[in-house]
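S.K.: Sequence:
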Amino acid sequence: MTTTIDITSDFICPWCWIGHQNLKSALALAGVQDALRIRYLPFELNADMPVQGMNRQAYRSAKFGNWARSQSMDEDVTQAGKLVGLDFHYERIAVTPNTRLAHRLMAYAQSSGDSDNASALFGAIFSGYFAEGLDIGNRNVLLAIAARVGLDTVAARDFLAGTAGEKSVDAALARARNAGIHSVPNLLIDGLRVEGAQSAESLAGILRQLQVHHEH
Numbered sequence: 001m002t003t004t005i006d007i008t009s010d011f012i013c014p015w016c017w018i019g020h021q022n023l024k025s026a027l028a029l030a031g032v033q034d035a036l037r038i039r040y041l042p043f044e045l046n047a048d049m050p051v052q053g054m055n056r057q058a059y060r061s062a063k064f065g066n067w068a069r070s071q072s073m074d075e076d077v078t079q080a081g082k083l084v085g086l087d088f089h090y091e092r093i094a095v096t097p098n099t100r101l102a103h104r105l106m107a108y109a110q111s112s113g114d115s116d117n118a119s120a121l122f123g124a125i126f127s128g129y130f131a132e133g134l135d136i137g138n139r140n141v142l143l144a145i146a147a148r149v150g151l152d153t154v155a156a157r158d159f160l161a162g163t164a165g166e167k168s169v170d171a172a173l174a175r176a177r178n179a180g181i182h183s184v185p186n187l188l189i190d191g192l193r194v195e196g197a198q199s200a201e202s203l204a205g206i207l208r209q210l211q212v213h214h215e216h
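For the sequence shown, position 144 (counting from the first letter as 1) is numbered 144 according to the UniProt record's numbering, and the numbering increases by one without interruption.
Just so you know, the hints here were simulated from the structure itself, not pulled from any lab data. We put the CB at the ideal spot given by N, CA and C, even for glycine. One should not assume that every hint holds.
[As the list claims (entries may be wrong)] For each label pair, taking beta carbons as the anchor points, the in silico distance ranges come out as:
id: 1; residue 1: A80; residue 2: D158; range: 11 to 21 Å
id: 2; residue 1: R139; residue 2: D170; range: 15 to 25 Å
id: 3; residue 1: H213; residue 2: A62; range: 39 to 49 Å
id: 4; residue 1: R157; residue 2: S202; range: 32 to 42 Å
id: 5; residue 1: D114; residue 2: A161; range: 15 to 25 Å
id: 6; residue 1: A62; residue 2: H89; range: 14 to 24 Å
id: 7; residue 1: G133; residue 2: A35; range: 32 to 42 Å
id: 8; residue 1: D170; residue 2: A144; range: 37 to 47 Å
id: 9; residue 1: A161; residue 2: H213; range: 38 to 48 Å
id: 10; residue 1: T153; residue 2: L29; range: 26 to 36 Å
id: 11; residue 1: G133; residue 2: G191; range: 14 to 24 Å
id: 12; residue 1: D48; residue 2: M73; range: 36 to 46 Å
id: 13; residue 1: N46; residue 2: Q71; range: 37 to 47 Å
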C-alpha cells in the first residue's frame with residue numbers, strides 16, 4: 001500500500017529543512033521509501049513580506065526585539081542542523097525573502113510529475129537560502145537553483161513569468177488555514193497529523209505503526 005505524506009512548510013523556516021532531513025532518515029529506517037507519495041504544500045510565515053524581501057538584520061531585530069536575540073536563536077538552529085548533517089550559514093543571509101515565487105516553482109516542479117525532481121528542488125531551495133545565503137525571492141536565483149536539479153528552466157521561467165500556479169498556491173494556503181495549520185513544519189502521514197520537527201526515530205515509529213495498521 002502506498003504511504004501518502006503531505007509536507008506543509010515555508011522556505012524561510014529552518015525547522016522545516018531539519019524536519020525534512022529527519023523525515024528522509026525516518027523513511028529509510030522504516031523501509032517505506034518505495035511505496036511512497038509525497039506532496040509539498042505551501043505555507044507563508046510572512047504573508048505580508050514585500051515582494052523584494054527585507055534586510056534580514058533590520059527585520060529580525062524588529063521582530064525579536066534586538067539583533068542579539070536573533071543571533072542566539074540562529075546559533076541554536078545551527079547546532080540542531082549539525083546534528084542531522086545540515087550546514088546553516090546565517091552570516092551569508094542578507095535578505096529575508098518573500099517565498100511566494102519559491103512556492104510557485106515547487107508547484108511547477110510537482111505539476112511535471114517527476115517526484116524526484118520535486119524532492120531535489122525542495123531541498124535545494126532550503127540549501128540555497130540557509131547554506132549559501134541566496135535570495136530565494138529572486139526569480140533568476142530560483143531558476144538557477146532549478147537548473148541544478150535538472151528542471152526545464154525555459155518552461156519554469158515561462159511559468160513564473162505569468163500567473164501560472166498562483167491559484168493552486170492560494171488554494172493550498174487556504175486548505176492549510178482551514179485544516180487549522182498555524183505553524184510549520186506540519187506533516188500529514190496517511191491522515192495522521194504530525195506537528196513540528198520530530199526526530200527521525202519518532203517519525204520512523206509512526207511510519208511503522210501505520211504500516212502495521214494497514215496490514216490488518
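S.K.: If a hint holds in the structure, say so; if it does not, say that too.
M.R.: Right, here's what the structure says about each hint:
1. A80 with D158: 11 to 21 Å: 38 Å, violated
2. R139 with D170: 15 to 25 Å: 19 Å, holds
3. H213 with A62: 39 to 49 Å: 47 Å, holds
4. R157 with S202: 32 to 42 Å: With Cβ atoms ~40 Å apart, the hint holds.
5. D114 with A161: 15 to 25 Å: Given range 15 to 25 Å: holds, Cβ gap about 21 Å.
6. A62 with H89: 14 to 24 Å: With a Cβ separation near 22 Å, A62 and H89 satisfy 14 to 24 Å, so the hint holds.
7. G133 with A35: 32 to 42 Å: 37 Å, holds
8. D170 with A144: 37 to 47 Å: 26 Å, violated
9. A161 with H213: 38 to 48 Å: 46 Å, holds
10. T153 with L29: 26 to 36 Å: 35 Å, holds
11. G133 with G191: 14 to 24 Å: 38 Å, violated
12. D48 with M73: 36 to 46 Å: 21 Å, violated
13. N46 with Q71: 37 to 47 Å: 19 Å, violated
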